[in-house]
Each structure stands twice: as structure tokens, then as C-alpha cells.
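When you get a sec, could you build the whole thing from the sequences and use the hints?
Chains as they are written, first to last, in this note's numbering: chain A, 1 to 219; chain B, 1 to 180.
Treat the hints with care, since some could be wrong.
Unchecked claim - Once the Cα atoms are required to be at most 27 Å apart in a straight line, the calculated DSS-like pairs of lysine-lysine come out as:
1) Lys204(A) x Lys119(B)
2) Lys211(A) x Lys83(A)
3) Lys211(A) x Lys137(B)
4) Lys197(A) x Lys148(B)
5) Lys137(B) x Lys204(A)
6) Lys137(B) x Lys119(B)
7) Lys137(B) x Lys46(B)
8) Lys42(B) x Lys136(B)
9) Lys88(A) x Lys148(B)
10) Lys46(B) x Lys114(B)
11) Lys42(B) x Lys137(B)
12) Lys119(B) x Lys197(A)
13) Lys136(B) x Lys46(B)
14) Lys119(B) x Lys214(A)
15) Lys112(B) x Lys204(A)
16) Lys88(A) x Lys197(A)
17) Lys42(B) x Lys204(A)
18) Lys136(B) x Lys197(A)
19) Lys219(A) x Lys193(A)
20) Lys46(B) x Lys193(A)
21) Lys197(A) x Lys211(A)
22) Lys83(A) x Lys219(A)
23) Lys211(A) x Lys136(B)
Simulated from the structure, these hints should not be mistaken for lab results.
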Amino acid sequence: VDPSGLSDTCPECIYSLIVYGLPGAGGGGGGGSYEGDKLEALPDMGAQGSQQGSGSIGISANSLLVASRLPSAIGMALVALTKTDCAKLFSTEANGLNPSYLLTQLATGVSRYGFIQIDQLSYKPGTVRSATATQISAPVPIGNDAYHTLGVGVIITINNIAGSFISGNEIDQAVTILHELGHAFNHIYDAGKSLIKDDGEDTKLSESNTKLVKDNCFK
Amino acid sequence: MNALICGAMLTLLTPILAQTPNVLVEKVTPVLVCDVLSDLAKFNGKIISIRGVVEGSNEGTWIIATRCAVRLVTDGYLWRTAIAIELPSTLFLRDDVDFQLDRAAIEWLDHKVKQMQYKGTTDTLWLTYIGLFETKKKLEVGVDPSGKRWPDGFGHLNTAPGRLLIKTVSDTFVERGKRR
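Shown next, in the form of C-alpha cells:
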């Protein structure tokens with residue numbers, strides 16, 4: 001169920017996700033099975049068994065599982081953004097983008113702002129990695145035939161090995177989406193910034209960003 | 001690419017065989033994170049073995065050094081002493097890596113770390129990763145209209161000046177109560 005109501009109008013076109021590791025998708029495809037609503041997360045990477053390109057059944061199943069959960073998570077995030085406390089975390093500068101608008105642009109993946117995709121992510125032993133955000137940069141003309149490199153979009157990658165979309169609940173998943181949306185606001189030059197700080201490899205800061213989203217959007 | 005990797009393995013590294021449970025791991029002489037960051041071009045595109053402290057959050061994994069005598073600066077930007085750790089099977093990075101992740105070694109590492117009762121909040125975890133190191137010929141630093149500078153590197157938020165697509169991992173060591 002999509003609480004935002006957006007997917008009721010065009011479920012197949014609202015969320016044009018890029019999903020790696022699905023049967024026939026890219027080099028890692030091949031093999032894989034999907035039994036509709038019987039999909040369950042595989043316990044860990046080891047259970048995925050085979051290697052890239054030789055029938056990655058577990059990875060494919062997990063990708064489908066994440067893909068099935070993502071629309072609902074995005075819907076919950078959009079509902080949370082209707083709360084003032086949650087919305088004020090984003091677009092803190094004048095003339096910034098509406099956070100619901102940017103999230104929808106990322107979910108549809110049809111604008112220069114970037115897209116959301118599903119893929120395998122590495123992890124530190126003992127930690128769980130849910131998602132990552134990488135910036136898309138491009139030269140932007142500044143007159144007199146000069147160019148300036150600016151952050152024009154982000155790629156949000158949801159982990160299909162572990163993390164909130166494998167073992168978390170819907171709120172955890174929506175928090176993950178909003179946390180990464182916060183990074184998108186800071187890394188798209190004209191988006192209008194957010195209160196989510198650049199956490200880089202700072203684990204504590206990443207946790208504190210997650211707490212900020214939880215406290216303001218889901219309490 | 002095969003020839004490049006084989007050539008790099010033969011010329012740059014000294015192969016030794018070390019055994020972990022159920023799997024033979026090709027072990028090569030490790031270099032430190034600082035060594036790699038002080039000469040990125042030398043290691044770019046090569047299979048290398050890196051030893052360092054592993055950091056990881058909900059959003060990324062890095063092998064880091066806490067102190068380097070020489071720090072990498074491009075366009076006046078001081079880069080972090082970190083290398084992003086990524087999987088060769090992460091397809092959005094590149095889909096032409098001609099080696100596979102040694103999943104048995106990763107499983108063994110997970111088991112070992114659990115067995116050693118490693119505590120992420122207080123302990124420091126040292127590891128040696130072997131994999132393909134990549135950087136950019138020119139590490140760009142952007143400046144947004146507010147004046148904020150941002151790196152265009154690798155990993156979460158592009159903060160690392162290089163990345164390692166890992167093949168295998170070994171030599172776990174935990175420093176108790178010495179969180180860096």
C-alpha cells in the first residue's frame with residue numbers, strides 16, 4: 001500500500017527503479033527465482049551462494065525484495081514530509097526545492113537530480129550498511145565560455161545484501177530514504193541544503209543524522 | 001584487464017600462500033593506506049594488498065589511516081586519509097572486473113570478528129584487504145555557490161580519494177579499547 005496515494009495512479013511508472021542483480025540485468029544477472037509474495041530476505045551474503053554472472057539467485061531474490069519494499073518506504077517518507085518538523089530538516093535555504101518534489105524526482109529517476117537504485121554494498125564486519133549516496137557532478141557554464149564543476153544530482157543506492165530494506169521495518173526503511181534525501185539536498189548545488197550533516201566515514205555523525213530524522217519525522 | 005592484473009601481480013607483489021579455513025587465499029605483501037595515498041598514480045589500476053583500520057557506518061566502508069606524514073591535497077582541498085572499500089560485484093561501479101569476491105574469506109572474517117568479540121564502539125579493527133585499487137587521474141574539488149567545497153572522489157558522499165574493489169581479506173587484529 002502506498003500511503004501517499006501516488007502509486008495508485010500509475011504504479012508501474014511512478015517508481016522507475018534501477019535494480020541490479022536481477023535475472024538478465026547487467027553482468028550479474030542470470031538465474032534467480034521469484035515466487036511472488038513468498039519472497040523472503042536471505043540471511044546473509046554467504047547464503048547467496050553463487051558468484052557474479054553464474055546465477056546469483058540470492059542477490060536476485062533480495063533485489064526483488066528491496067524493490068517490493070521501496071515504493072512503500074518512499075510513500076511513508078512522503079507522508080512524513082507533510083509534517084512541519086520533518087519538512088523543516090530539508091530545504092533550509094530560501095528558494096530551495098520542496099523536499100517531496102525532490103524525493104519524487106529521485107524516485108522517478110527522470111530528472112538531472114539523480115535516481116534511486118538497488119545494488120550490493122560492502123560492509124564492515126559487525127556493522128550493517130543500508131544505503132549510500134554518491135554525488136553526480138557536471139560542468140555548468142558560468143559565462144565567458146568558462147565552466148564550473150557543480151554537484152547536480154545524487155545516486156542513492158539501497159543495499160540488497162543487508163540493512164534496513166532487508167531486516168528493518170517500514171519506518172527504518174523510510175528513515176533511510178529521508179537520511180539520504182538530506183544528503184541529496186546538500187550535494188545538489190541548487191536544492192537548498194538540509195540539516196543532515198555530511199557524515200563521510202564518521203559513524204557517530206551518521207547515527208546522529210539517522211536519529212535526527214527519526215525524532216523529527218516518525219515520533 | 002586480465003593482462004594488466006596479472007602483470008601487476010607479477011611485478012608489484014610477492015605471492016605467498018596462506019591458509020584460512022576451507023579456502024586458499026593468495027596473500028601479497030601489504031602496503032599501508034598512507035603509502036597508497038602518497039603515490040596514487042603508482043597503485044592506480046593495480047591489484048594491491050592494503051593494511052589499515054577499517055571504519056564502517058550505515059552508509060559506507062573505508063580502510064583508513066589515522067596519521068600520515070604526507071597528506072593528499074588537490075586544488076587546496078585536504079583529502080581524508082581513507083580509501084573506500086567496495087565489492088567487485090557492485091554493478092553500478094563497473095561491470096567488467098575480471099575477478100570475483102572471495103565470499104568464503106568474507107564469511108570467515110565475519111565469523112572471526114564475532115569470535116574475537118569485537119566491539120565497534122570501543123575497539124579498533126585492523127584488516128588486510130586485497131583488491132583492485134582505483135583513483136582518478138585528476139581528483140576534482142568542486143565549490144558550490146555558497147562557497148562550500150566538496151570532493152569528487154569515491155564512496156559515500158565521494159569523500160575518499162580512491163577505492164578498493166576487494167577480492168579477499170585476511171589478518172584480522174583487534175585493538176581493545178583503542179577506538180581511533
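Here is how each hint holds up against the structure:
1. Lys204(A) x Lys119(B): Distance of about 14 Å is within 27 Å: holds.
2. Lys211(A) x Lys83(A): holds (17 Å)
3. Lys211(A) x Lys137(B): violated (38 Å)
4. Lys197(A) x Lys148(B): Satisfied, since the Cα-Cα distance of roughly 13 Å is no more than 27 Å.
5. Lys137(B) x Lys204(A): violated (32 Å)
6. Lys137(B) x Lys119(B): It is violated: about 38 Å lies between the C-alpha atoms, which goes past 27 Å.
7. Lys137(B) x Lys46(B): holds (14 Å)
8. Lys42(B) x Lys136(B): holds (12 Å)
9. Lys88(A) x Lys148(B): Distance of about 21 Å is within 27 Å: holds.
10. Lys46(B) x Lys114(B): Roughly 31 Å separates the two Cα atoms, so the pair is violated.
11. Lys42(B) x Lys137(B): Holds: Lys42(B) and Lys137(B) sit about 11 Å apart, inside 27 Å.
12. Lys119(B) x Lys197(A): holds (25 Å)
13. Lys136(B) x Lys46(B): holds (13 Å)
14. Lys119(B) x Lys214(A): holds (25 Å)
15. Lys112(B) x Lys204(A): holds (24 Å)
16. Lys88(A) x Lys197(A): Holds: Lys88(A) and Lys197(A) sit about 14 Å apart, inside 27 Å.
17. Lys42(B) x Lys204(A): The given pair, whose Cα atoms are some 33 Å apart, is violated under the 27 Å limit.
18. Lys136(B) x Lys197(A): holds (26 Å)
19. Lys219(A) x Lys193(A): holds (23 Å)
20. Lys46(B) x Lys193(A): Outside the cut-off at roughly 38 Å; violated.
21. Lys197(A) x Lys211(A): holds (12 Å)
22. Lys83(A) x Lys219(A): Distance ~11 Å between Lys83(A) and Lys219(A) Cα, so the pair holds.
23. Lys211(A) x Lys136(B): violated (34 Å)
Going through the hint list in order, the structure does not satisfy hints 3, 5, 6, 10, 17, 20, 23.
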